[in-house]
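Enquirer: Chain residues, written in single-letter form:
Protein chains: 2
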Amino acid sequence: MELNTILMEAPTCIARIIAYLRNQHLTLGTAESCSGGLIAHMLTNVSGVSDVYEGGVVTYSNALKSKLLGVSETTLIREGAVSAAVAQEMAAGALEGLGVDWALAVTGIAGPSGGTPEKPVGLVYMAVAGPDTLIVRRHVFNGNRESIKLQTAEAALTLLWESFK
Amino acid sequence: MELNTILMEAPTCIARIIAYLRNQHLTLGTAESCSGGLIAHMLTNVSGVSDVYEGGVVTYSNALKSKLLGVSETTLIREGAVSAAVAQEMAAGALEGLGVDWALAVTGIAGPSGGTPEKPVGLVYMAVAGPDTLIVRRHVFNGNRESIKLQTAEAALTLLWESFK
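If you read the protein sequences in the order shown, they are chains A and B. In terms of the numbering used here, the first sequence is numbered consecutively and its last residue is 553. In terms of the numbering used here, the second sequence is numbered consecutively and its last residue is 553.
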């Protein structure tokens, strides 16, 4: 694994996210599939994040997406695990499953295998759920597995920060 | 142990873990507190890990340790979140909560704040639960927050590998 993926400095937006949530007395949880814990790792590199970050789940299997986040098996079958619908259900399910005010969820294909013409490697859906908020966004990233994970985490944290405004 | 050594060794250990579990048709889950998702991140940097890795939880708060892993509130109060008893309950709870054959759990103090004379920064308990197995180990690591997270992840993955033998 590359040094910069693990040792990287937390993006500026993480400090802003933590400050906003702390100021508002709100909590955050994460629900990750293709980013595989990287978002949680980046958040928890910041001392004091435990004031606002309750924790998260890495629901790599479909079974765990249903068990921990309540993602509907029908949605998983009909739309596929990498879909806007599943990202939304993961984020909404994390609000309840983790007991938090805001939740950030991602599902995608980090590669190098698992891609199809319709759903290529690098396709990622990310969703934010919060008070009166449910936002989903689609990305297609280029690069190797670690690069796609990193781009996913950075874009997801940016989406979360933008959702507060 | 130097940081570079840790980064060199971890992937080799992970490849062995994945190969063993795949060969035995067994699954793995993780339950992380102080490592904050880094173990999940390191595992999911390896393509094909989804054959054996169902996923994990990052139970940063005590509430999530109880909710997702069934850690007893009495144990949390009596022993503290950073204790051998909580590490064992996290690992045992992950077997059921994640529906896996093997579980790796860590709880500790990554610092720089949160240390006490009895429980200093760098104190980490890690536990492995599996078929006829429940192992717990105590470490005290030196270094900054990110270094302690890295040393925790490396030692935990090594403990898991050793537990298979």
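Please keep in mind that the hints were generated in silico from the structure rather than gathered at the bench. The structure displayed is predicted, hence computed values, not measured ones. Be aware that a few hints might be false.
Copies of the same chain look alike in the list, so a pair counts if it fits in one copy or across any two.
[To be verified] Derived SDA-like pairs (lysine to any residue); straight-line CA-CA distance at most 25 Å: (1) LYS507 - GLY436; (2) LYS507 - VAL434; (3) LYS455 - GLU484; (4) LYS455 - CYS401; (5) LYS507 - SER435; (6) LYS507 - PHE552; (7) LYS507 - ALA407; (8) LYS553 - HIS527; (9) LYS507 - GLN412; (10) LYS553 - SER454; (11) LYS553 - GLY503; (12) LYS455 - PRO505; (13) LYS455 - PRO519; (14) LYS455 - ALA480; (15) LYS553 - ALA403; (16) LYS507 - LEU464; (17) LYS553 - PRO505; (18) LYS553 - ARG525; (19) LYS455 - LEU483; (20) LYS507 - ALA403; (21) LYS507 - ILE402.
Enquirer: Look at each hint and say if it fits the structure.
Expert: Tested hints:
Within a single copy, LYS507 and GLY436 get their C-alpha atoms only as close as 38 Å, which misses the 25 Å cut-off; across copies the closest is 18 Å, which meets it. In this assembly of identical chains, the alpha carbons of LYS507 and VAL434 lie at most 25 Å apart only when taken from different copies (20 Å versus 34 Å within one copy). For the homomeric pair LYS455 and GLU484, the shortest alpha-carbon distances inside one copy (12 Å) and between copies (11 Å) are both at most 25 Å. Neither within a single protomer nor between protomers do LYS455 and CYS401 lie at most 25 Å apart by alpha-carbon distance, with minima of 31 Å and 29 Å respectively.
For the homomeric pair LYS507 and SER435, the shortest alpha-carbon distance between copies (17 Å) is at most 25 Å, but the shortest distance inside one copy (37 Å) is not. Taking the shortest Cα distances, LYS507 and PHE552 never come within 25 Å of each other, neither inside one copy (30 Å) nor across copies (37 Å). Proximity of LYS507 and ALA407 under a CA criterion of 25 Å is satisfied in neither setting, with 36 Å inside one chain copy and 28 Å between copies. Only within a single protomer do LYS553 and HIS527 lie at most 25 Å apart by alpha-carbon distance; the minimum there is 21 Å, versus 43 Å between protomers.
Taking CA atoms no more than 25 Å apart as the test, LYS507 paired with GLN412 passes in neither setting, with 38 Å inside one copy and 31 Å between copies. In this homomeric assembly, LYS553 and SER454 never come within 25 Å of each other (Cα to Cα): the closest approach is 30 Å inside a single copy and 33 Å across copies. Taking identical chains as interchangeable, the C-alpha atoms of LYS553 and GLY503 are never at most 25 Å apart, the minima being 34 Å within one chain and 36 Å between chains. Neither within a single protomer nor between protomers do LYS455 and PRO505 lie at most 25 Å apart by alpha-carbon distance, with minima of 30 Å and 40 Å respectively.
In this assembly of identical chains, LYS455 and PRO519 lie within 25 Å of each other by CA distance both inside one copy and across copies; the values are 23 Å within and 22 Å between. Both within a single protomer and between protomers do LYS455 and ALA480 lie at most 25 Å apart by alpha-carbon distance, with minima of 14 Å and 17 Å respectively. In this assembly of identical chains, LYS553 and ALA403 lie within 25 Å of each other by CA distance solely inside one copy; the values are 15 Å within and 43 Å between copies. Taking CA atoms no more than 25 Å apart as the test, LYS507 paired with LEU464 passes inside one copy only; the shortest distance there is 14 Å, against 44 Å between copies.
Within a single copy, LYS553 and PRO505 get their C-alpha atoms no closer than 36 Å, and across copies no closer than 42 Å, so neither meets the 25 Å cut-off. Within a single copy, LYS553 and ARG525 get their C-alpha atoms as close as 16 Å, which meets the 25 Å cut-off; across copies the closest is 45 Å, which misses it. For the homomeric pair LYS455 and LEU483, the shortest alpha-carbon distances inside one copy (14 Å) and between copies (13 Å) are both at most 25 Å. Taking the shortest Cα distances, LYS507 and ALA403 never come within 25 Å of each other, neither inside one copy (33 Å) nor across copies (27 Å).
In this assembly of identical chains, LYS507 and ILE402 lie within 25 Å of each other by CA distance neither inside one copy nor across copies; the values are 29 Å within and 28 Å between.
Violated hints for the displayed structure, listed by number in ascending order: 4, 6, 7, 9, 10, 11, 12, 17, 20 and 21.
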